[in-house]
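So the sequence lines, in the order shown, correspond to chains A and B.
Residue numbering for the first sequence is 1 to 370, as defined by the working numbering.
Residue numbering for the second sequence is 371 to 496, as defined by the working numbering.
Hints in this document: simulated from the structure, not taken from any laboratory.
Any given hint might turn out to be false.
As the list claims (entries may be wrong) - Cβ-Cβ distance ranges computed for the label pairs, FRET-style:
{"hint": "1", "chain 1": "B", "residue 1": "Pro424", "chain 2": "A", "residue 2": "Thr179", "range": "50 to 60 Å"}
{"hint": "2", "chain 1": "A", "residue 1": "Glu16", "chain 2": "B", "residue 2": "Gln466", "range": "28 to 38 Å"}
{"hint": "3", "chain 1": "A", "residue 1": "Pro220", "chain 2": "B", "residue 2": "Pro373", "range": "35 to 45 Å"}
{"hint": "4", "chain 1": "A", "residue 1": "Asp108", "chain 2": "B", "residue 2": "Asp462", "range": "51 to 61 Å"}
{"hint": "5", "chain 1": "A", "residue 1": "Glu276", "chain 2": "B", "residue 2": "Tyr492", "range": "57 to 67 Å"}
{"hint": "6", "chain 1": "B", "residue 1": "Pro373", "chain 2": "A", "residue 2": "Leu123", "range": "47 to 57 Å"}
{"hint": "7", "chain 1": "A", "residue 1": "Arg6", "chain 2": "B", "residue 2": "Gln423", "range": "33 to 43 Å"}
Stated by the list, open to error - Residues from chain B that keep clear of chain A, each with C-beta distances beyond 10 Å, as calculated:
{"hint": "8", "residue": "Met371"}
{"hint": "9", "residue": "Asp374"}
{"hint": "10", "residue": "Asp375"}
{"hint": "11", "residue": "Glu388"}
{"hint": "12", "residue": "Gly389"}
{"hint": "13", "residue": "Asp390"}
{"hint": "14", "residue": "Glu414"}
{"hint": "15", "residue": "Gln423"}
{"hint": "16", "residue": "Asn449"}
{"hint": "17", "residue": "Pro474"}
{"hint": "18", "residue": "Asp476"}
{"hint": "19", "residue": "Ala482"}
{"hint": "20", "residue": "Ala486"}
To be verified - Residues from chain B that face chain A, not an exhaustive set, calculated with beta carbons under 10 Å:
{"hint": "21", "residue": "Gln403"}
{"hint": "22", "residue": "Asp406"}
{"hint": "23", "residue": "Val408"}
{"hint": "24", "residue": "Ser427"}
{"hint": "25", "residue": "Ser430"}
{"hint": "26", "residue": "Val431"}
{"hint": "27", "residue": "Lys432"}
{"hint": "28", "residue": "Thr453"}
{"hint": "29", "residue": "Ala457"}
Every residue, glycine too, gets a C-beta built ideally from N, C-alpha and C.
This is what each chain is made of:
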Amino acid sequence: MHTATRQTPLFETHRELGGRMVPFAGWMMPVQYTGVLEEHRAVRSGAGLSDLSHMGEIEISGEQALSFLNYALTNDAAKLEPGSAQYTLIPYTDGTIVDDAILYRLEDRYLLVVNASNVVKDLDWLRHQALGFPASEMRDVSDQTALVAIQGPCSEEVLRPLMDADVATLGYYHAAQATVGGASALVARTGYTGEDGFEIFVGSGDATRVWHALLTQGKPLGLIPVGLAARDTLRLEAKMALYGHEISDQTNPVEAGLGWAVSLEKGDFVGREALEREKRLGPARKLIGFELLELGVPRAEQPIYKDGVQVGFVTSGTYSPTLNKPIGLGYVPIRFSRLETEFDILIRYRPVRARVVRTPFYKRERGASS
Amino acid sequence: MNPDDRRYTQEHEWVRIEGDLATIGITHHAQHQLGDVVYVDLPEVGATLNQHQPFGSIDSVKTASDLFSPISGEVVEVNSAVTDDPAVVNADPFGQGWMLRVRPSDPAEADALMTADQYGLYTQES
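The shape of chain A in the complex, shown without the other chains (with noise of 0.2 Å):
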């Protein structure tokens, strides 16, 4: 794309914070502030604060708004709870996927929150999707919307007194209206790292306002700013897929372990057909996650090989810090995907071993709250 990059309000409270600024998705965004693994150990130990502002939201509105999301996206969004959200795919007719998404209902309309690097994909996909639909009316307020993220074990904390609606009763995938830090926003109990945390929408206007009252009411428990490089790992080692790494327009959610978000107990959806094949006959490959048994790091697209012979490539790979080992995710054959199968990674022209174990890598203990 050859549009110019853009800035998230956020921009200039980045540079003055340290932050490493980088292009990503057509932003430029912080890659990291004071140190990846600084930055990962913080979201894993106390809290960290990212600006998403960069991701796409497109509202859904109308009365055929329910039929419309349930045609064009896999998970059955009829479950939803006004204040409630899911993890959901937008699939092809084919059963590969445009984009992963969490759908949130509101009181009056549904909220879609897609990446940023396919938001004009997807709104493209979604309207042609919708022509069927007359009585649904979708619109982008991506540009007016900023999204301020805070995970950790203490973000509660740190958000209680900031908030003036109880925070300790919002449950994991749920959503509230409510006022932080003076702004009106909505607040998720959603996240990307594999901690309890928050997503916080708030009007482009309000987003400095709402990031230096929660940096301010973090610091003494430890919250510091976390760039994309740290927001990379945690998601790895909560093994959460990344659109063009683990889901792509050339793999579907069953491979990918995510056939949870395919509901087949809905009606007619688009890719169904395909879909419902896959889960019935079983995929012929599946994503598993991997650790090294020899000194190395694995990146992606890097090949998999079994005697000799390639049979899979690697997704994503880095080295973890919260194991303090290598750990990836890849496609391989069934067959080879069992806990304990070993198989060699050709990393920088050099064959290194690597065994398939149980993900994902890390999991957090969970409290009462989530």
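Go by the hints and put chain B onto chain A.
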């Protein structure tokens, strides 16, 4: 900030020649750009290095990069402090974070590399 007792490559390695041995490492600028270093893959003692050719690789949490040799020669010592604890490269890239000691086959090769001042300008521009 770049010591002037050594020479620098465009790929952000340094080489310091003392007597008949040369010491090789990466610059402060390089470690800063990489971020937290978690793995360094270095050749063994006895390996032959060719100037401007890859001799190993370095991984930060985010990314992997080749290491390019600033000079040709034979490896006589590998810094195990770096392979054991790669964070040393971040903490002290010009000192304890050195990587290899090499017996250069042509020490004059280093003369063609950048001086500290030239490298300083180079990193400002890039």
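Going through the hints against the structure:
1. The hinted window of 50 to 60 Å between Pro424/B and Thr179/A holds, with their beta carbons roughly 56 Å apart.
2. For Glu16/A paired with Gln466/B, a C-beta distance near 33 Å keeps the hint of 28 to 38 Å intact.
3. Under the hint 35 to 45 Å, the C-beta atoms of Pro220/A and Pro373/B, about 40 Å apart, fit the expected range.
4. Between Asp108/A and Asp462/B the CB atoms are about 59 Å apart, so this pair conforms to the stated range of 51 to 61 Å.
5. Taken as a hint, the range 57 to 67 Å holds for the pair Glu276/A and Tyr492/B, whose Cβ atoms sit roughly 59 Å apart.
6. Remark: the range hint 47 to 57 Å for Pro373/B to Leu123/A is upheld by a beta-carbon distance near 54 Å.
7. As the Cβ distance of Arg6/A to Gln423/B is approximately 40 Å, the hint placing it in 33 to 43 Å holds.
8. Against the 10 Å criterion, Met371/B stays outside the reach of chain A, whose nearest CB is about 17 Å from its own CB.
9. With a closest Cβ-Cβ approach of about 27 Å to chain A, Asp374/B is found to remain outside the 10 Å limit, as its non-interface label requires.
10. Distance to chain A confirms Asp375/B as a non-interface residue, since its nearest Cβ pair spans about 28 Å, more than 10 Å.
11. With a least beta-carbon separation of about 30 Å from chain A, Glu388/B lies farther than 10 Å from that chain, consistent with its non-interface assignment.
12. Interface exclusion of Gly389/B from chain A stands, the closest Cβ pair being 32 Å apart, more than 10 Å.
13. Every CB of chain A is more than 10 Å from the CB of Asp390/B (nearest about 31 Å), matching its label as outside the interface.
14. Chain A leaves Glu414/B outside its interface by the beta-carbon criterion, the shortest separation being 14 Å against a cut-off of 10 Å.
15. Every beta carbon of chain A lies more than 10 Å from that of Gln423/B, the smallest distance being close to 14 Å; the non-interface claim holds.
16. For Asn449/B, the condition that its CB be more than 10 Å from all CB atoms of chain A holds, with the nearest at approximately 16 Å.
17. Remark: the non-interface label on Pro474/B is consistent with the geometry, its nearest Cβ contact in chain A lying 26 Å away (cut-off 10 Å).
18. Taking the minimum C-beta to C-beta distance to chain A, about 27 Å, the non-interface status of Asp476/B holds against the 10 Å cut.
19. No beta-carbon of chain A is positioned within 10 Å of the beta-carbon of Ala482/B; the least distance is around 28 Å.
20. Taking the minimum C-beta to C-beta distance to chain A, about 24 Å, the non-interface status of Ala486/B holds against the 10 Å cut.
21. Hint status for Gln403/B: holds, given a least beta-carbon distance of 9 Å to chain A, under 10 Å.
22. Look at Asp406/B: its Cβ gets to within about 4 Å of chain A, closer than 10 Å, so that hint holds up.
23. Because the smallest distance between the Cβ of Val408/B and any Cβ of chain A comes to about 4 Å, under 10 Å, the interface hint for this residue holds.
24. Against a cut-off of 10 Å between C-beta atoms, the interface hint on Ser427/B holds, since the closest Cβ of chain A lies about 6 Å away.
25. At a threshold of 10 Å, the smallest CB-CB gap from Ser430/B to chain A is about 8 Å, leaving the interface hint in force.
26. Below 10 Å, beta-carbon pairs count as interface contacts, and Val431/B has one with chain A at about 5 Å; its hint therefore holds.
27. Evaluation of the Lys432/B hint against chain A yields a held restraint, the C-beta minimum of about 5 Å falling below 10 Å.
28. Evaluation of the Thr453/B hint against chain A yields a held restraint, the C-beta minimum of about 8 Å falling below 10 Å.
29. At its closest, the beta carbon of Ala457/B sits 9 Å from a beta carbon of chain A; the interface hint therefore holds under the 10 Å criterion.
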